[in-house]
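Novice: One line per chain: the protein sequences are W and C, in this order.
Quick note on numbering: this note's numbering labels position 437 of the first sequence as 435, and the sequence is numbered without any gaps.
Numbers given in this note's numbering equal positions in the second sequence, counted from 1, plus 1.
Any given hint could turn out to be false.
To be verified - To be clear about the criterion: a stretch of chain W counts as covered by chain C if any three or more of its residues have a C-beta under 8 Å from a C-beta of chain C, and this derived list gives those stretches:
#1 2 to 13
#2 58 to 66
Stated by the list, open to error - Here are the simulated BS3-like pairs of lysine-lysine, each with C-alpha atoms no more than 27 Å apart in a straight line:
#3 353/W / 437/W
#4 62/C / 104/W
#5 59/C / 104/W
#6 96/W / 151/W
#7 104/W / 159/W
#8 232/W / 353/W
If you're looking for bench data, these hints aren't it; they were derived computationally from the structure.
Cβ atoms here follow ideal geometry from the backbone N, Cα and C, with glycine treated the same way.
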Amino acid sequence: MSNLVILPILIPLLAGTILLFFPRQLHFQKWISVIALSLTTISSIVLVQTVFNNGIQTLELGGWKPPFGIVLVADMFSALLVLTGIVVSFTCILFAFKSIGEDREKHYFYAFAQFLITGVMGAFLTGDLFNLFVFFEVFLMASYALIVIGGTKIQLRETLKYVLINVISSALFVISVAYIYAVLGTLNMADLGARVAEYGQTPLLTVIAILFLVVFGLKGGIFPLYFWLPGAYKAPPYAVTALFGALLTKVGVYAIFRMFSVIFTHEPQITHQIIAVLAGITILIGAIGAVAYSDVKQIIIYNIVTAIGVIVFGVVIATEIGYAGAIYYLVHDMVIKGALFLLAGAMFTITGTNKIKEMGGLIKRHPLLGWMFFLAALALAGIPPLSGFVGKVLLTQAGLSEGHYWFVAVMLLSSLLVLYSVMKIFLNCFFREEVLTEKEEKGSIKGLVYPSVILIAISVFLGVGAEVVTPYIMQAAETLADPTAYIQAVLKE
Amino acid sequence: MKVNDLILQTVTTILSFLIITFSIYIFFAGHYTPGGGFIGGLMTSAALVLLLLAFDMKTVKTVFPINFMTVSAIGLLICVLTGVGAMFFNAPFLTHTFGYETFPILGETALATSTIFDIGVYLIVVGVAMTIIQTIGESE
Chain W
-1 MSNLVILPIL IPLLAGTILL FFPRQLHFQK WISVIALSLT TISSIVLVQT VFNNGIQTLE
59 LGGWKPPFGI VLVADMFSAL LVLTGIVVSF TCILFAFKSI GEDREKHYFY AFAQFLITGV
119 MGAFLTGDLF NLFVFFEVFL MASYALIVIG GTKIQLRETL KYVLINVISS ALFVISVAYI
179 YAVLGTLNMA DLGARVAEYG QTPLLTVIAI LFLVVFGLKG GIFPLYFWLP GAYKAPPYAV
239 TALFGALLTK VGVYAIFRMF SVIFTHEPQI THQIIAVLAG ITILIGAIGA VAYSDVKQII
299 IYNIVTAIGV IVFGVVIATE IGYAGAIYYL VHDMVIKGAL FLLAGAMFTI TGTNKIKEMG
359 GLIKRHPLLG WMFFLAALAL AGIPPLSGFV GKVLLTQAGL SEGHYWFVAV MLLSSLLVLY
419 SVMKIFLNCF FREEVLTEKE EKGSIKGLVY PSVILIAISV FLGVGAEVVT PYIMQAAETL
479 ADPTAYIQAV LKE
Chain C
2 MKVNDLILQT VTTILSFLII TFSIYIFFAG HYTPGGGFIG GLMTSAALVL LLLAFDMKTV
62 KTVFPINFMT VSAIGLLICV LTGVGAMFFN APFLTHTFGY ETFPILGETA LATSTIFDIG
122 VYLIVVGVAM TIIQTIGESE
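If we strip away everything but chain C, and leave its shape as in the complex, we get (with noise of 0.2 Å):
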């Protein structure tokens, strides 16, 4: 018997985007309140698994053709260079340092480096999360 799945995948399209978008604000909120790179990236990885959930392994894959395993690597390398960006301002190992700058459509916004490293934290857990969700789904 064919499942009909329709309002599963439907709800589902639509879900999706309010999850990432929110995932993206608690990431960048992490500075002032609550959030951060850790969970902002679990929240995302919580969408992604959500299409898994609606779809299935291939159309997923279709989708977002990427490699996490890559992803995990990428976010791993942008923590240790932010760190190994400090060293070359002959500045202690992993100093950060932030700056206001004034944008068009923004205002004055805080600028700090730790976000940088926080990107990386981001990759990082959606690399990782991503990963063994696959990796499990995919064994026999």
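Isolated chain W, as found in the complex (with noise of 0.2 Å):
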């Protein structure tokens, strides 16, 4: 029993709850944002230590106990996951104080801000089915409010696409859970997990599994269920797409990898390889999108499609070295596409255009914006001394060992295109002769760059800190590559 798992749920919450009340008063709004977002991060670095130090925590809440009640269970992979989630909303809310304007904070940005990581971290939480349904719920929710916030003609139209693909997979999402709960009698994850280990998995349950990987595809962008994310996440504004591209397709993943890795884990040869080549074609779309575009944040919204099939493969790979490589992938992946959605951001604001073409020079007078950037570019694509580079080493390894060849060529082919499409900014956007003159600048980024700064500094330092943060990974990828111990540590046998 301890109520630590529960403060990265309940905080901003109870901030989000607060921020309701005062809607005009603009100061009041930021503090409490910060305070809260302040007290999570505290609290997730808290939770990491437990978890590293004491195995995994679990919450029985109302106490009553698992299976029965709603049980939130952190293991390592989840509180990194709440601790990666915090520290980019954060600096996703910094960057939002200067850039998303007083019309849109007055319309309760801040509180659905709060919102949405209250639903993103529920959904790393909880041990239960149905619980991370409604956590679901609670993030999309936000998010829709989020999108249409300002009202302009694009939002209103790609909010309309968005919610209407987010209710079609939440259907979807409700049915799989009941024809579960149909064939189980259960909802608990880690009961539903030792059911299955114990009756067998029934071709019925690897159907199951298969709507599954579709709804939390859906969720998550794989091919070919990605075609709404380039549209939707276009629409809003940087500081909302940055909290989007971020926390909301990673959460999808987070689920695929919590099914197919503590229930359904005993017909491989068939919802594995179905996954496997979903993952290799989904690394294809997203480097292609990203090579085709000249527009900045399309090219960098394609990056996230394929930084998905990199880490969805590591539940193909399913060792420890596969598991480790994924997660940090999928740790530092978070924490880039952060970083380069506000960058992209930084860069909107003084040219007022995505296009690559009319942009230009840029170098001169914003010369750390420029460099910030070659650096996201460098780590995106996984240059050793940065983060990216640990994550796929440990892939490629996992890949080779286990046989699956062509998924690292597509994955190393892949690391080339990304580079490829991001450098395409760095050049044409940074260097070449100067299009604007200060003058002519839009708005001004002070302010605006360092939360990027943050986040590119905590890239640096999983690249370099590799030893720090290692074992906490290796942890990580030891529960999801053992299920016993996550399902010993929820129901206490």
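Mind docking these for me? Both chains are given alone in their own frames, and the hints should help you get the complex.
Specialist: Laid out in structure tokens, this is it:
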């Protein structure tokens, strides 16, 4: 029993509630947001350290024993994602302070952001399938509001599509939960895992597993279910896109990891084979999209798709090293996608456009922005001293030792294309002759760069300080590779 | 032409009291019989909607000078705080307790902290339903 596990959910929820009372007091809104996010960050650091020292932490809500009550579980995988998620959202909110505009702020922007964080943290920490659905809805509702707030034409159009897709996938989610409840009679994930292990994974359960793959594939943006993502993420302002790009798709990925490492592990030749093919195509599609566009926002959005493919393949490899690589890459990707979107947001503030062709020579007056973007680009592609390297090395190593040669080939090829796509932005926007004179710049980026400096510093630390980070990652990978530890921690048999 | 809605308005003044009373009854009955915070709140907002239909927006606003957004925020706060309250007694979040008290008129009554949680739900439902209806009603 430890109420520590609920704090990352509870603090943003309380803060969001308090923010509802005073929509007009903008200073108050900002202060409460900062205080709540700092408290959440501290509590998730404590959570990571507690899990590291004392093993998996569980909290039986209301004192009801699992599988009868709702249980919150923090193993190292959840705890790391909670910490990364909260740090990235913190920087996105700091970015929003300067960039989002008074009109949006007065329409409950910060409250919705807090509710979004509540939902994401809840989805990472819950140990109950229906509760996972509820937390998905919590952050989806908040994301609907965040994507439409401001009410420009493109936002309204894309929100319609986004809501439609997510309503359909949520309905599928409920149907899948109903099926699995009808077959196994329980909704607690650990109990589900134990029962599937006991009775065997029947063909019916395999079908349900694939249904879940469709659901979380829709949420996470896997080929062929990624089609809504480029449009929907292009619509809102950069602070919101950064929040979405760093958090929302990753929750779908997290759910795939949970489902296919704890519950549906017994027919890998069917389920994991399908995931393997889809992940491979996802990587290619993302890389092709990133190379094809000449729009800064669109390029980074397609890089999200590529990264999803790379991470999801960790489930297919299913060895400790493979999981470790995927988790490392997941943590790195949340940080670096946040950083890239925030930097692109600063570039948009200066130039007022997303088109590469209409920018040029930014490095002369904004050297910090330029070199930060350069570092982020290298980290994204996986150049050695930076964070993307370690994850990809581990994935390559595990992929080769398990005989997934074509996956390794696709991943390494995609790294080149990803590097090409972001370097295209760097070379064209920051070098070449200047397009805008000082007077023609659309806005000042005072205070807009330092949130991404924080993220890039973390990314450098993840790469250079791999020795410090690896024990945590390996502990997370251990519990994923051997779900019995998770099941025993929850059910206490 | 001015529409005479005397009958509607007279009936509404009586009926809305009945509906609100019934919604409060249903709210408190929720622990042992069908009912509870959600349906109770929905029925209360139904009474308010009836008032909106019979009179106009301004009249209802002078009768209930409440910002319904705040109502749902208060409800949410109550819900969260009942959960937090348990943490002060070193119990897991959302642990509920109950006890029996004897009151002068009511006699021995079971009191449960889950009722406080339900009051929160009730306020959220009333607040959200009324915010939706008023916002749509006011927008041109």
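Novice: Which constraints among the numbered hints does this structure fail? Numbers only, ascending.
Specialist: Failing hints: none at all.
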